[in-house]
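Number of protein chains: 4
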Amino acid sequence: MMAFTALPDALFAAPEMWEIWSGEASVRAMLDFEAALAHAEAGAQVIPAEAAEAIAAACHSEQLDVAAVFREATVAGTPAIPLVRLLGERVAASAQAYIHWGATSQDAIDTALVLQMRAGLALLADGLCDLAAACAELAERYRATPMVGRTLLQQAAPITFGLKAARWLALATRQLQHLGQLRARIAVVQLGGAAGTLAALGPAGLEVTERLAGELGLAVPELPWHTERDRVAEVAAGLGVVAGAMAKIAEDIVLLAQTEIAEVSESASAGKGTSSAMPHKRNPIDAVMARAAARLAIGVVPVLLGAMAQEHERAAGAWQAEWAALPSLFCYTSAAVDRVRAAVGGLQVHPDRMEENLTRSGGLVFSEALALALAPHLGRDEAQRLVRAIADRAAVSETDFQQAALADERVRAVLPEDAAARVFEPAGYLGSTDAYIDRALAAFRALDTKRGSHERHRRRRANRRH
Amino acid sequence: MMAFTALPDALFAAPEMWEIWSGEASVRAMLDFEAALAHAEAGAQVIPAEAAEAIAAACHSEQLDVAAVFREATVAGTPAIPLVRLLGERVAASAQAYIHWGATSQDAIDTALVLQMRAGLALLADGLCDLAAACAELAERYRATPMVGRTLLQQAAPITFGLKAARWLALATRQLQHLGQLRARIAVVQLGGAAGTLAALGPAGLEVTERLAGELGLAVPELPWHTERDRVAEVAAGLGVVAGAMAKIAEDIVLLAQTEIAEVSESASAGKGTSSAMPHKRNPIDAVMARAAARLAIGVVPVLLGAMAQEHERAAGAWQAEWAALPSLFCYTSAAVDRVRAAVGGLQVHPDRMEENLTRSGGLVFSEALALALAPHLGRDEAQRLVRAIADRAAVSETDFQQAALADERVRAVLPEDAAARVFEPAGYLGSTDAYIDRALAAFRALDTKRGSHERHRRRRANRRH
Amino acid sequence: MMAFTALPDALFAAPEMWEIWSGEASVRAMLDFEAALAHAEAGAQVIPAEAAEAIAAACHSEQLDVAAVFREATVAGTPAIPLVRLLGERVAASAQAYIHWGATSQDAIDTALVLQMRAGLALLADGLCDLAAACAELAERYRATPMVGRTLLQQAAPITFGLKAARWLALATRQLQHLGQLRARIAVVQLGGAAGTLAALGPAGLEVTERLAGELGLAVPELPWHTERDRVAEVAAGLGVVAGAMAKIAEDIVLLAQTEIAEVSESASAGKGTSSAMPHKRNPIDAVMARAAARLAIGVVPVLLGAMAQEHERAAGAWQAEWAALPSLFCYTSAAVDRVRAAVGGLQVHPDRMEENLTRSGGLVFSEALALALAPHLGRDEAQRLVRAIADRAAVSETDFQQAALADERVRAVLPEDAAARVFEPAGYLGSTDAYIDRALAAFRALDTKRGSHERHRRRRANRRH
Amino acid sequence: MMAFTALPDALFAAPEMWEIWSGEASVRAMLDFEAALAHAEAGAQVIPAEAAEAIAAACHSEQLDVAAVFREATVAGTPAIPLVRLLGERVAASAQAYIHWGATSQDAIDTALVLQMRAGLALLADGLCDLAAACAELAERYRATPMVGRTLLQQAAPITFGLKAARWLALATRQLQHLGQLRARIAVVQLGGAAGTLAALGPAGLEVTERLAGELGLAVPELPWHTERDRVAEVAAGLGVVAGAMAKIAEDIVLLAQTEIAEVSESASAGKGTSSAMPHKRNPIDAVMARAAARLAIGVVPVLLGAMAQEHERAAGAWQAEWAALPSLFCYTSAAVDRVRAAVGGLQVHPDRMEENLTRSGGLVFSEALALALAPHLGRDEAQRLVRAIADRAAVSETDFQQAALADERVRAVLPEDAAARVFEPAGYLGSTDAYIDRALAAFRALDTKRGSHERHRRRRANRRH
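Protein sequence lines correspond, in order, to chains C, V, H and U. The opening residue of the first sequence carries number 1 in the working numbering; numbering runs sequentially from there. The opening residue of the second sequence carries number 1 in the working numbering; numbering runs sequentially from there. The opening residue of the third sequence carries number 1 in the working numbering; numbering runs sequentially from there. The opening residue of the fourth sequence carries number 1 in the working numbering; numbering runs sequentially from there.
Among the clues, some could well be false.
Just so you know, same-sequence chains aren't split out, so a pair can sit in one copy or run between any two.
[What the hints assert, rightly or not] Derived SDA-like pairs: lysine to any residue, alpha-carbon spacing no greater than 25 Å straight-line:
id, residue 1, residue 2
1, LYS272, ALA342
2, LYS272, GLU72
3, LYS272, GLU398
4, LYS272, ALA420
5, LYS272, GLN45
6, LYS450, ALA57
7, LYS450, ARG185
8, LYS272, GLY362
9, LYS272, GLU382
10, LYS450, ARG439
11, LYS450, GLU50
12, LYS450, VAL188
13, LYS272, GLU140
14, LYS272, GLN181
Hints listed in this document are in silico derivations from the structure and should not be mistaken for laboratory results.
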């Protein structure tokens, strides 16, 4: 329901998402409901066919006065009441009585919401799919590019940049999968009438509901859900997880782009990420804005979970809060996805810096490798104690850990020289990295293929409907 | 990781859930990981079989000093380090080197977490299933018991109490379904070693992972997920939705139990819901405490979503926050489910008060029925205008709306007397109520049947393992 | 920074608050900063006086292209960079070099933010003051109007409606007080330059800061606060408390307006709170929308608290999140205050219904009074047991508690008939009600008087500046 | 009300804070209320003096059965009812009737809560004061130690480590100030009786309240505040700000301790921050755990803000949620403060690494300095363009920016050689750093002095009472 101005919103919403949740689009979706309802009721012989035609025609003609709808909504407490009133002004008297027949405001608003959520989820899935594809490319290209793995922001042990990208890929792929299931689960019509019994439709209630759902490409729920908002809450929760996933990737990028680490940078373009005071700066703006948007998105989730406590057959506040919360959540999440997609898609990777950082600890990142090589000979604890002693000695004497280790008598006593040297080669200490990358790629490709056919199917159906 | 005392926690956790997340249980789950890892590594010929036997035996013997584990954890920054140390003290020197071989602290902690989440989800599902069964019984028994439907806390139009219970039932059934899917999705092992490459296991990484997963009845993920926490976040989000669902049902009960409405009351038992100052009071304590617990649960969700932004290969704070957040979330949610189950299971329903409240508006709740009966004759707008005029007139003259309507000349002009009278009978204005109740019951029964066989299977497997 | 469209926003923002946070107003506030900075630097002889005049003139002339500022901001990562660039286009080459001299983007954005927060807090205080005045009027008028007090939504014991209004009054008064202190505390200038040292201003840093603060009517902080955001967070927290306070009052109104209780209703106006399906309904729309807005506001608070963890000398995401979070928070809170003000200001109170509800329990709400009257004779426990026994007996036999009590032999044995009868008179059981109302009124009047003079002072200063 | 076990809680609570909120301490605080109430009522001649003595004696004797109190609370819905019952068992029959006279459960629970909050706030203030003192020491000692300032995690321009510590100091000082004001504002008694009128005390209500407040060292509020929870919410909000402040400092420490930056490290002690897999690691455990605790604390704040919407005269769920939320919030916040205090108190600062990092950009961090030196000659835009061109050229040719700048013809044309060289000296580009440090120190010392005398006063009063 809520929308942002055409201006500053661009900082916190993908433009297409903004469009889906604009006041105009909200009114259009409610009109889609009213037109489909009229058709469904005519099909079930609840209202005259001519009335349905007249109503549908009015719904599909040029836009209503959106400003008036929302202005009156502040007094009426719902946009559906002024919408039905304005629609009535455009329909011949004979058909007027049949507008919105048997429905309640919430039926129109909720079904519109479902249509908008469905579109919003599809848009997010498109973005995530592009992001996953970009991650997949990085995973392949940098599959064997060594870099240091960091735990608690301390250098730990070698990985490859391809493995990091594969982890991002798996994360994005799982979100893509999840959004697909979510979209299927929530795409249900709302039609219950004043108190959720569809009393005004007499015995025709279910038939009208089924026809209405068919018209809009939605499923029929077990029963109306005016105050059982788990579907809305699940969408909110799902978007929160997507936003959190974007924050993880953005966090990695911001950290890797630090001047002192400099292993990646965002693509440079005119004016991007510059500073008003410091002409030399190249800020990772996409990742920065993704982190901001993700925080904002996650903040909305508990509002929608808390809003599940809805009174009786229609809520007095909690439902209305959804009108602002859901659009905000979709917009913020879309900004996070878009910005991460841009950051990853244009990522400049610096293998030389990765190598440099990997060696700057003087071999300390191979201390686990050394401890493991020593453990069969010395016992795990003794091996770790020895390695820590060598590390401490190196630190105090400001010498290289690798040299200190290779020179240590107890090490030499149990490890032959070449075996000891191999301990310090990253390529020899990558374990299952290759297999992991393959598995992440395979999971994405399986989904992408399946999604491809689904998407074609979805677009065909969408085309048929318009 | 965190746990509550044996005392006040009972206000905000189901006892069985408290048990799952106690310090003792956390240590036991980590020991289960260490034992299974040793077995898996022996199976893959990474460590000697005798060492594995010795380690597993130490893991399954009497409990470690739990207090010491957590006391040292405040300094070490993780409970896995003292746990491995203490375990080492119980194992012969020859086996000691092979404890926790190739693993990192987070592997033990995360896999333990998954085992605890799996148990917690199963417990919540059991509770939801009982709740749904109680709702189903109410839906059947009060299928035709009329009551007033209320929108924005105003009397709106008739429904039946069975329909309200059927909506609760559908809500609980969907949660049950959702938790089942969630449990399947998140039950994966964590094993990545220091930087997530399993380097220390050389080429045997995947085989060990598969064997470990098999030992624990878990699935193998695409790759380690030390800092990709979407599975944890999905659990958090799913529990938040469950908590919100409980809050909806509890809200309805609290509102229906109001002195002035009095359509339901919670079962009375000695001392339950009394007041220190007002001896006559019977407070709906279960619903009240459910609402409290649901608020608390929902508050934890954004903490876990926000904690997804984890740095590099191991997080510096966000992961650690999960240790307190997840147990709290499971405990609060369990309290909400338990309390709602108790409230619904023992609910006393007062059909006489429902009838009384239905009639006290003097027939105003049938104003939609009247407007719809008039609309074909007068047009929708005109019909509504007339109904509102009659209502206003009745309000001003403090007479009964029903009488005023039946006496109104314009009404009499278009509606025969018996048709007008039928407008004011609740049973004649329930629309699809019956069908909705049937649909909700059918959905639950289908799931319950399926779940029944799954549950038997699950218990068989659980028995086999112990 | 963010703003809503002119349309749907009206549901979730007071129009004046929307204006304060619009894109236009944000740009204007940044220009105010740039003009004041130029003046301050000229005063401190850091830049030429003519340059300052030229810059200030350009800042005060017609509006910049707001759309361009925010469009470029999505690439630049901050609106200050395009703003300075566009401003430069309007200034003679000789002055151009001195625009934004020594400042960093965040100096302009943060100081603008402070100016907007100051205006926003003043607007909220105005609204709260009106609300408090309306509460004060209700407290006086209904000082002695008895109604039932309700605990856990159960009838408990008598109060007066004036006491309830006095509690609302005290709540609003404390918020007013709190916002005043907050505004004083946060109205500080931001000026630190690139890394927070004001290095570019050499030794003139503090003098320029003091002059800049003087120009804008702000205070000088101990030192720049680019990444120490406690002042912003305190504003967020304070607004969250205000929103929660509004939710409390709105909750009371919605509950009292229930059909079955009907002790208050919102003022009726054309189209207000009607229903598309149910012509008889009068929904408490202002309270409903206030509850929605309060939920939304509270959801933003943890975003701003969480955003305090800002990196080094300028944050990479957390700061940027404020740009959307703060305007949303101010808008939502303003909607909550405005709606509650409207609801309370126009509240229709129904003393007859209050009396009716007070008596409908058959005297049960006087059970504490009876227990207390009996306690000196029977002991506290015995008295409560007796009262509960009478209540149970009355419930079983469906008779009146009052009659049952007056007829009870043990009661008659210790209480003379007239003393027993007085137990059931509300006016005799109001304790300190009158004194409480007086105290709440006095606290508000003291603040209102003080505020009155402050406000006059504030407006005088504001006038002087323009 | 809620408390943690003695074991894992230590990860997320300062032990002294855990003690303040333990079940035992909660019961003790409620008994303090009951004893003080009895004294107050005897003083106001509402109950016999001997009864008061007997009650007070029972309250101050050995502890009640805390387990029983909370076990019964799950059924009664409040711990005050079993507490009063158990207390009654210890008092002679003649005094029994006067226990809890005229009060309601919430009076005891809320006043106990206020006493616990007051103690909790004092403990946090002590911690913050120690932290501020540690920051002050760093600010002085490293006042002139140059390091690079970083914006968006990119090297920006020079600062000193003393300035960073001074910003932390100012942040902690403001929190200290704020907590002091908060403690004064919320330390009010709760006494309203069943429906908040103190009806049971007849005309003696205010006198008893004043005496009760005097006994407990609390102030008297305008009127009872059973469902106006702004004071509780303000405490929650204030603690959220403190937690956010701790997160900021911890974030800086974690980032500065990164292997690649290594400008600070936490104090080393046996076993602290080691790794099970990587023997060389020294993790900044205190800062890491502080970040975890701060996230957890902030998550609780909206629960308490949302819980302000309390129904009528006693809430049905929102109030009860406070019983778990407030103790959690105090515990989490105390852990954050304690961990940051430990981290800062033992911080090892590495000026050599600061210098090394400052120079590693080849002088790029002086690009603003250069641009500003050039601006008067070339104009601001032209100067920035030139600096950026030099930077780009240096990047491409992989040479030093400083050398490239000093060699640039246009630079040489306007800047004499020595002036150009001075541009690259950090000590010459620190602006108001010294003055800022002085101001932050002065603010802390002023508060510390004032606090010192307050504290002495507080301890004297506390001693007098026991």
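Taking the hints in turn, this is what the structure says about them:
Proximity of LYS272 and ALA342 under a CA criterion of 25 Å is satisfied intra-copy only: 12 Å inside one chain copy versus 40 Å between copies. Within a single copy, LYS272 and GLU72 get their C-alpha atoms only as close as 43 Å, which misses the 25 Å cut-off; across copies the closest is 9 Å, which meets it. Proximity of LYS272 to GLU398 under the C-alpha cut-off of 25 Å is restricted to the inter-copy arrangement: shortest distance 22 Å between copies versus 41 Å within a copy. In this homomeric assembly, LYS272 and ALA420 never come within 25 Å of each other (Cα to Cα): the closest approach is 47 Å inside a single copy and 29 Å across copies.
Taking identical chains as interchangeable, the C-alpha atoms of LYS272 and GLN45 are never at most 25 Å apart, the minima being 60 Å within one chain and 34 Å between chains. In the homo-oligomer, the alpha carbons of LYS450 and ALA57 never lie at most 25 Å apart, since the shortest distance is 38 Å inside one protomer and 47 Å across protomers. Taking the closest pair of Cα atoms, LYS450 and ARG185 come within 25 Å of each other both inside a single copy (18 Å) and across two copies (19 Å). Taking the shortest alpha-carbon separations for LYS272 and GLY362, only the inter-copy value of 23 Å comes in at or below 25 Å, while the best intra-copy value is 36 Å.
Taking the shortest Cα distances, LYS272 and GLU382 sit within 25 Å of each other only across copies (19 Å), while inside one copy they are farther apart (53 Å). Proximity of LYS450 and ARG439 under a CA criterion of 25 Å is satisfied intra-copy only: 17 Å inside one chain copy versus 32 Å between copies. For the homomeric pair LYS450 and GLU50, neither the shortest alpha-carbon distance inside one copy (43 Å) nor that between copies (47 Å) is at most 25 Å. In this assembly of identical chains, LYS450 and VAL188 lie within 25 Å of each other by CA distance both inside one copy and across copies; the values are 23 Å within and 23 Å between.
Taking the shortest Cα distances, LYS272 and GLU140 never come within 25 Å of each other, neither inside one copy (28 Å) nor across copies (39 Å). For a Cα distance limit of 25 Å, the shortest separation of LYS272 from GLN181 qualifies neither inside one copy, at 37 Å, nor across copies, at 40 Å.
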